[in-house]
Amino acid sequence: MSVATVNDADLLARIAHLNAAYARCIDSGNLAAWPAFFADSCLYTITSADNYAQGLPAGLMYADTRGMLVDRVSALAEANIYERHTYRHVIGMPFVLDRIAERDGARVTCETPFLVVRIMRDGPSEIFASGCYRDVAIVTDDAALFAERVVVCDSTRIDTLLALPL
Amino acid sequence: MSVATVNDADLLARIAHLNAAYARCIDSGNLAAWPAFFADSCLYTITSADNYAQGLPAGLMYADTRGMLVDRVSALAEANIYERHTYRHVIGMPFVLDRIAERDGARVTCETPFLVVRIMRDGPSEIFASGCYRDVAIVTDDAALFAERVVVCDSTRIDTLLALPL
Amino acid sequence: MSVATVNDADLLARIAHLNAAYARCIDSGNLAAWPAFFADSCLYTITSADNYAQGLPAGLMYADTRGMLVDRVSALAEANIYERHTYRHVIGMPFVLDRIAERDGARVTCETPFLVVRIMRDGPSEIFASGCYRDVAIVTDDAALFAERVVVCDSTRIDTLLALPL
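Protein chains in written order, with this note's numbering: chain F, 1 to 166; chain U, 1 to 166; chain G, 1 to 166.
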């Protein structure tokens, strides 16, 4: 069935599956595959709810091409940062705000809540971050990608701890 | 497609989207819009699993009209209570117990697990509540509403902290 | 609609509903019903991500028939262990890795993230476990069961605390 004609339940399932794949990529430590979830020309930022509400620029991370995401992941790998951390994302169902039909698919604006637990290897797990993904997803018959993913964290306390992508 | 004839996957998607909208409303601080998720004549209560199991009345909150929910939200707004709190709901998939066809839709009895994280602006986030929504949702072609939402919290420790709706 | 011909959204909804039923069974304390989520000949193990990555045997629990699961639940009931504990599972959307058509349904290999909160009756709730279910689900028109559920916990710290199934 072409995305251009799928009903809402199918579109929702496609986006939920995209989020499941995204979380699985990060949480399994396969960071090299993470940039492939984004379009070549994209927007990926991490910011706080306070900054977002006030229209301030994203303080924690900003990238507007897939190449910048690749660079970021390479830097993390060289610094061996991410081998010491493990995350577990729990991602809610997307709430679709807008859906625009395109030539070969749909451009979907949606918001999705997330919770990220940080696992200490020998200690208690803790809530590392919670918030809302503000996304523009491009869904075609063959693929689903993020054109935009603005990660709005509920807390302002996150910045100093951030090592892995959210 | 009419709700009267949708298959289970579509119905599940409709209810999951209703829950996503509900959580988004509370977590974005737009409490004035919260009563609109309920039918005029409705049941909204918050209770503990112990009270629920023993058939005791809901100790924390009880409303059986949408008007009572409006009043509650107004009281919170006047007291400025909710500006100091932020919640993040993570809501699981609904488990459908019963589905009755009605003239213009379906009346669905279901249970849905939830987790609510409370965000401290400058401190660590913590698990504020977990539990199970025991719902009766009315799903028509144009809308989905709660006729009943009984919020059964796992812990009995919740009462003294409750400011926002769950 | 026969499972043999359902589209991906419907299959995803079936597996998500299976997970919702599974979590509801444990979290409501109805452990006697838990083995019925598995095929007669099955695999259920609990292990840690470290053990799993190194190919080491599951340290925490191992069962390869439904009868062994029944025995386990009976032992917990006799020891009255589970009456003192309450869990709340929050289960993400499944990520489908493989789908094989069978005579009367589909055999689906998938991974699903989970988070389990442990509720203290009079104290704070805490994150008890997080991880990933590595499943083989058998989905037919009438039923959905686990042929395999390998519970891979993110932390190695879980073993000494485990009383209820995950």
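Note that these hints are calculated values from the structure, not bench results.
Some hints here could point you the wrong way.
Cβ-Cβ distance ranges computed for the label pairs, FRET-style [unchecked claim]:
hint, chain 1, residue 1, chain 2, residue 2, range
1, U, Asp8, G, Asp40, 53 to 59 Å
2, G, Asp50, F, Gly67, 32 to 38 Å
3, U, Asp104, G, Asp141, 35 to 41 Å
4, F, Ala163, G, Asp8, 31 to 37 Å
Away from chain F, derived, C-beta distances all over 12 Å, residues of chain U [said to hold, decoys possible]:
hint, residue
5, Asp27
6, Ala39
7, Gly55
8, Asp64
9, Arg107
10, Leu115
11, Glu126
12, Ile127
13, Phe146
Covered stretches of chain F (in silico footprint by chain G; criterion: 3 or more residues with CB under 8 Å from a CB of chain G, positions within the stretch not fixed) [said to hold, decoys possible]:
hint, region
14, 14-23
15, 101-112
Keep in mind it's a predicted model, so treat the numbers as computed, not measured.
Even for Gly, the Cβ is constructed at its ideal location relative to N, Cα and C.
Hint by hint, here is what the structure shows:
{"no.": "1", "hint": "U:Asp8 - G:Asp40: 53 to 59 Å", "in the structure": "26 Å, violated"}
{"no.": "2", "hint": "G:Asp50 - F:Gly67: 32 to 38 Å", "in the structure": "34 Å, holds"}
{"no.": "3", "hint": "U:Asp104 - G:Asp141: 35 to 41 Å", "in the structure": "29 Å, violated"}
{"no.": "4", "hint": "F:Ala163 - G:Asp8: 31 to 37 Å", "in the structure": "34 Å, holds"}
{"no.": "5", "hint": "Asp27", "in the structure": "7 Å, violated"}
{"no.": "6", "hint": "Ala39", "in the structure": "21 Å, holds"}
{"no.": "7", "hint": "Gly55", "in the structure": "32 Å, holds"}
{"no.": "8", "hint": "Asp64", "in the structure": "28 Å, holds"}
{"no.": "9", "hint": "Arg107", "in the structure": "19 Å, holds"}
{"no.": "10", "hint": "Leu115", "in the structure": "7 Å, violated"}
{"no.": "11", "hint": "Glu126", "in the structure": "7 Å, violated"}
{"no.": "12", "hint": "Ile127", "in the structure": "7 Å, violated"}
{"no.": "13", "hint": "Phe146", "in the structure": "16 Å, holds"}
{"no.": "14", "hint": "14-23", "in the structure": "holds (count 7)"}
{"no.": "15", "hint": "101-112", "in the structure": "violated (count 0)"}
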